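Chains A and B supply the protein sequences, listed in that same order.
Letter by letter, the first sequence follows residues 21 to 287 in our numbering.
Letter by letter, the second sequence follows residues 29 to 295 in our numbering.
These aren't lab readings, by the way, just hints derived from the structure by calculation.
A quick note: this is a predicted structure, and the numbers were derived from the prediction, not measured.
Wrong hints could be hidden among the right ones.
Claimed, not checked - Which residues of chain B face chain A? A few of them, derived with a C-beta cut under 7 Å, are:
hint, residue
1, Val56
2, Gly58
3, Val65
4, Phe68
5, Leu69
6, Ala72
7, Ser76
8, Thr81
9, Ala165
10, Thr200
11, Val212
12, Thr221
13, Phe226
14, Phe227
Claimed, not checked - Derived Cβ-Cβ restraints for the label pairs, each shown as a range:
hint, chain 1, residue 1, chain 2, residue 2, range
15, B, Lys127, A, Gly25, 53 to 61 Å
16, B, Leu238, A, Leu161, 30 to 38 Å
17, B, Thr200, A, Ser68, 47 to 55 Å
18, B, Gln117, A, Phe228, 27 to 35 Å
19, A, Trp197, B, Asp257, 53 to 61 Å
20, A, Gly118, B, Phe52, 21 to 29 Å
21, B, Ile278, A, Gln39, 37 to 45 Å
22, A, Lys42, B, Arg133, 54 to 62 Å
In this text, a Cβ means the ideal position worked out from N, Cα and C, and glycines have one as well.
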Amino acid sequence: MTQKGLRFYLRIYGKILAQDLKSKMSYRADFIISTIGMICTNIAGFISFWILFSRFPSINGWGYYEILFLYGFSLVSLTPVQCFFDNNWSLRQYVYSGDFIKYCFRPINLFFYFQSEVFDVKGLGQLAFGLGTLIYAWVKLGLGFSVLMILKMIVFLLTASLIMIALQNAAAATCFWIQNSFYVLDLVMRFKDYAKYPITIFNSVFRFIFTFVIPIAFIAYYPSLVILRPDAVPVLSWISPVIGLVFFWLSYRFWMFGALKYSGTGS
Amino acid sequence: MNLKKYLTLTRAGIIEALQFRLSFLILVAGNLLYLIVTYFLWKAIYASVETDTVNGMTFTDTLIYLVLATALYGFLEMYLVWEIGRNIQSGKIVLDLLKPMPYRRYLFWSYSGSFVTQFFFTFLPTFIVVSVVTHGAIPLGINLIWFAVSVVLAVVINFSIDYIIGTVCLYTESIWGINIIKQVVVLLLSGATIPLAFFPDNLRTVVHFLPFQSIYNAPLSLLLHANPDWQTVCSTLGLQLFWAAALTLISAAFWNRSLRQITVNGG
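With the rest of the complex left out, here is chain A (with noise of 0.2 Å):
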């Protein structure tokens, strides 16, 4: 694989989103129905926490709105897996099609190419609908502002990000070796509604296992902590960054080793 600079995969990632929104634009009434599937889905989780916080104190310690803060740190940080990784569900069916073999011979990178494809546009219905939850907790809180406090929560939400996509990235290519991932993906998928908690209410093993394991704690819990209890961070939320990138390289390697062993059906 030559090396090409940034620009010239950025021009050609526009050329691609170009041609798939127009392609999605035919289809006006899904992309509507589906923008709002996906805000129903935000907005019941939100409910949820509204009745379990009428009947409820707090969740091990923490209070309604704090809760609520980590629920719109995983919405805004679960966005990029949903707009720019979305192929990833087609995957199975490209490999077992054989019509997988057309990514091979692209002269620019294999798993850039098959996943520029592809842009979800509902995910930014989840966007706004997480930004908002973000700031209205944020401002119930009273926090405060900061220029500093902006920088680390962009940082901070950009690499909780990778988690999700690393654990996405491993569960599609699992199709390279099993024939049907979907359940794998559906799985994964269902991690992503345990990032909202604190990972304080388990007990030390799954604790364990939710840190290093299958490393959700990194996608809300750990880098919330750096605005929301900024007296005392622990180690674990100042690292996440870099296990947000370990996370992501080794799901990308693991893809790129399944989609180059990929012999295609023959056909």
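We have chain A; now place chain B onto it with these hints.
Below, chain B alone, put in the same frame as chain A:
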């Protein structure tokens, strides 16, 4: 009614379901993880109140309720909207309509096989495990019979709702969006995510008049009460019976009306 031809479909469904053993294992793993998260989450929630009982539900009650709701979900989720939607898009529906039995019945009986496998491989093991883990907190008496009757009615109600939503796909060409909206509404308003007992009073009154609570809340409430009075049993089952009949009629009428609309591209 010649039952034999329907039971053939049931048998085919069982054989089909048994083919996918790996996906089944992953499904079990996913459910197990969900149970663990639910357990710790509600333990933390109950730890925040001084009393053992909140709105008539103890921690054990809530756990049994939610765990069995998940087991029921595996039972009730038939991906019917996807099936109908895909068949419409691919044109396969034309072949199904030509089959020597009504489409509705054909769909129901093709899924009946997965009811059998889900019952023996998911619901029964979960039920036994929960029963043992909670030291027999599930009363084993006449309530089991009411529960069984109630589940059958829940299956009919859920099937009809899915069928109505699937019919909507004839008009919208959107499957993902329609299905996710349905799923969110059903899971939240049926009490599958949070037991209805915890809903704020006015919301609970509204939800009581909707058909969704008959799917999860009705059977699970009947199960959790050792000796329910006749009035409760009759009103719960009566309401379910009403919704089962009403939704069956509505879904059948809506389908028959919409069928005239159908446009199939090729096939």
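Tested hints:
| no. | hint | in the structure |
| --- | --- | --- |
| 1 | Val56 | 10 Å, violated |
| 2 | Gly58 | 4 Å, holds |
| 3 | Val65 | 5 Å, holds |
| 4 | Phe68 | 5 Å, holds |
| 5 | Leu69 | 6 Å, holds |
| 6 | Ala72 | 4 Å, holds |
| 7 | Ser76 | 5 Å, holds |
| 8 | Thr81 | 12 Å, violated |
| 9 | Ala165 | 21 Å, violated |
| 10 | Thr200 | 6 Å, holds |
| 11 | Val212 | 5 Å, holds |
| 12 | Thr221 | 6 Å, holds |
| 13 | Phe226 | 5 Å, holds |
| 14 | Phe227 | 6 Å, holds |
| 15 | B/Lys127 / A/Gly25: 53 to 61 Å | 58 Å, holds |
| 16 | B/Leu238 / A/Leu161: 30 to 38 Å | 35 Å, holds |
| 17 | B/Thr200 / A/Ser68: 47 to 55 Å | 27 Å, violated |
| 18 | B/Gln117 / A/Phe228: 27 to 35 Å | 45 Å, violated |
| 19 | A/Trp197 / B/Asp257: 53 to 61 Å | 56 Å, holds |
| 20 | A/Gly118 / B/Phe52: 21 to 29 Å | 27 Å, holds |
| 21 | B/Ile278 / A/Gln39: 37 to 45 Å | 42 Å, holds |
| 22 | A/Lys42 / B/Arg133: 54 to 62 Å | 42 Å, violated |
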